[in-house]
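Participant: Taken in sequence, the protein lines are chains D and C. Under our numbering, the very last position in the first sequence is 303; numbers go up by exactly one each time. Under our numbering, the very last position in the second sequence is 413; numbers go up by exactly one each time.
Just so you know, these hints were derived from the structure itself, not from any lab. We put the CB at the ideal spot given by N, CA and C, even for glycine. One or more of the hints may lead you astray.
Unchecked claim - Here are some chain D residues pointing at chain C (derived, C-beta under 10 Å):
1. Val51
2. Ala52
3. Glu105
4. Arg111
5. Val224
6. Ile227
7. Ala236
8. Ile241
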Amino acid sequence: MKILVCLKQIPDPEVAPRDFRLDENNLIADPASAGLVTNIFCENALETALQLKEAAGGEITVLTFGPAEAEDVLRKALAVRADHAVHVINPGLLHPGSSGAACVLSAAIRKLGSFDLLMFGREAGDWGEGQTAGLVAEHLGLPFVAFVDSLQTTESGLHIVGQTDSGREELTAAGPVVVSITNSDANVPRIPKTRDIMMAHRRDITTWSLEDIDLTEDLVREAAGSVEVTELFIPEKDTTCEFITGDSADERIDAFARRIVDVIGSI
Amino acid sequence: MSTTASDARSDAARSNAARSDAVVPGTGFTRAHELFRESVRKFVDQEINPYVDEWEEAEMFPAHEVFRKAGDLGFLGLSYPEEYGGMGADYWYNIALSEELARINGGSIPMAMGVQTDMATPALNAHGSHELKERFLAPAISGEAVCSIAVTEPGAGSDVAAIRTTAVRDGDHYVINGTKLYITNAVQADWICVLARTSPEGGYRGMSLIIVPTDTPGFAVTKKLKKLGNWASDTAELAFDNCRVPVENRIGEEGMGFIYQMEQFQNERLVSSAGCAAGADKILKMTIEYCRGRETFGKPLIENQWIHFRLSELIAETEFLRQMCYHCVRKMEAGQDFTREASMAKLKAGRLAREVADTCMQFHGGMGYMEEYPLARYYRDSRLWSIGAGADEVMLGIIAKFEGIAPGR
Ligand SMILES: Cc1cc2nc3c(=O)[nH]c(=O)nc-3n(C[C@H](O)[C@H](O)[C@H](O)COP(=O)(O)OP(=O)(O)OC[C@H]3O[C@@H](n4cnc5c(N)ncnc54)[C@H](O)[C@@H]3O)c2cc1C
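Given only the sequences and the hints, what does the whole structure look like? Please build it.
Facilitator: Take a look at the structure:
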C-alpha cells in the first residue's frame, strides 16, 4: 500500500502563556516566542500509517509545506521510519491558510503520483481550521472521511472507523481515499530511537519550490484569498470567584441555577 | 520576486543541508541532537515521571524494565561501538541525555542510568577484550543486563589506593575476597565491575578491574542500605567470599585497574556535572515561578531585590557550569586530557547543587519543606554531588596537583 501523510509544523501549543507573543505587524505568532513542533494530530496520522505499514506492508511518504524550519518535522518522520520525505518550501507566504496549503499539497501530490491512502491530522493546533484534508480531497477528486481513529486493511478494501457527532461510523473504501485522523489510545506517537534519529539526518529530502510543482506565489495567494486575517489578539482571561449563598441546599441549588442562566444570558 | 525555479531549488537545497549540519554555537549540538533530546524527554514523561513517586516510596525501581526500555531506544550505549549495539555517536549525545534525564523528579534514576552508561562500562569499552564486550557490554547497552561499579570499601572511599579487596590468581581463575560498600544498582545487578588487588604491591599499583557476574558462588549482597536521598536507587554492601571468576573477566592488562578507573572517573564526573547544571536550572526555574506567584507584604516575592539578585547569581553560576562541561567535551573530542577541567566542573557541581538546594528551599518557605513538593526531594538527593564520584575535597586535591601547589607525598 502506498501511503501519503501530510505533516504540518506549528508553534508549540505547550508554550507557557507568559512566553507566548504575537507578531502584531504580520498577524502571526511570534516565531521567537514558541518552539516549533509537529502538529499532534499529524503525528497521530503518521503513527496510524506506520502501524498499517507494519501490518500490511507498503511505503510511507511524508509531505510538508512550510519554511526551511519545517524540515524538522520531516526528519522526525524519517526517524520513525517513514520511507520518503518531500518538502515544498514556503517562500514567505504568511497566511496560506487551509485553502492555500491544500492548493500546494494537491499540486505536490499530483507530481508524486498516485497513493492508496492519503492521511492528514484532523486539524492543526495553530489555526484549528480542520479544512485542509477535505480541500485536498476536493482538488484531487477523491472521497474523504473525517475524524478517523482506526484503519485496517481487509480483503474488500480499507476498513475505516471514524467518529461522528452522534457516534461512530464504519466504512469500507475500495479505492484511494483521503482521511483525517484524530487521536486515540491506539495511535499515540512512538518515540524515535537514537539510531533512527541519526540515520534520519543523513537521508535525502526531496525539496521543491512552488515553481517545481507548477505554482507561483500569486497562484497560492489567490487560492488562499477567500480567507483574510484582519485581526489577531490574545484573549484576555478574567477569572472571578463568586460564592452562592442560601440557607438550605435547595435554596443554594436554586440560586446557583439562576446565576448560571444569568451568566449564559450575558455572553 | 524574480527568482527562477532553479534558483529557488538550489536555495532550498542549500538551506536544507545547512540546517541539518548547523550546530548550536560553542557546542556540538545539531538538529539531530535536538530531536534526540525530544525522544529522551518523551521517555522521561511517559516511562519515568509517572512512576517515580511510587519507586521512591518503595525504595527501589524496576531497573531491568526501565533499562530495557531505555536500551531499546538506544540510550544506554550512545558513544559505544555499533558492534556491541552502541550508537557510535559523539559525546554530545551523552551530555544531551544527562541534561534531559535531569527533568526526572529526583536523582535516583539519572544516577542509576549514569552508573550503567558512564561509570561501570567505559573501561570495559575502552580496554576490555572483544569476548568480554560481547558478553557484558552488549547486554548492558541493550538494557538486558544491569551493572554496577564497585570501588568503595569500608576502609577506602576517597583514597582509592587504600582498597583491600583481593583477587588472587589460582590457575585460570581469580579468587576474590573482600567487601564493597555503597554500591549503586548492586541489589539488582547482573554483573559488577570490581576494582581489586591482583598483586600485593600496595598503593595504586597492583589493582585490576574484573567483571563479576552476580550469580557467581561466593558473591552476596549483604545489605540494602537506607539513605538520606535517592531512595528509588538501590545501594548495597557486597561481600566476596572466595568468589571465583575466570581470568578472562579481567578488563585489559593486569595491574592497570587504578589507571583505568581514574580514566573512567572522568566520564562519570563530566556527565554528572552536566546533569547537575540541568537539574539546578530546572529547580531555579521552578523557584522563579513560585516566587512570581507567591505574595508577601503585598507584592510578589520575586520583586524583592534580595530574591531576584540571588536567583540571578545562581542562574549565572549554573550557566558557567554548563559551559565548563561543554568545554570538557570539546577537549575530549580533540583527544586532549580533560581531567583538570572535569575535576573543576565536578567541584563546582557539588558546591552549586548545595547552594541551589538551600537557597530555593529558603525562598519556598514551608512549601519547599513539604514532601509533596519536588524541592524536598531535590534537597536530599542533590547533596550527593559533593560526595559521590569523588568528594569536593578530592577534586580540590586533583586541581591542586595540576596547579603544582599540592605538597608531594
Ligand atoms: C548514594 C551513594 C552511591 C554510591 N555509589 C557508589 C558506587 O556505585 N560505586 C562505588 O564504588 N562507590 C559508590 N559510592 C561511594 C562514594 O564514591 C564515596 O562515598 C565517596 O568516594 C567518598 O568516600 P567515603 O564515603 O569513604 O568518604 P571518605 O573517603 O571517608 O571521606 C569523608 C570526607 O572526608 C573529606 N576528605 C576526603 N579526603 C580528603 C582530603 N584528602 N582532604 C580533605 N578532606 C578530605 C571529604 O569531605 C569526604 O566527603 C556511593 C556513595 C553514595 C553515598
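Participant: Which constraints among the numbered hints does this structure fail? Numbers only, ascending.
Facilitator: 1
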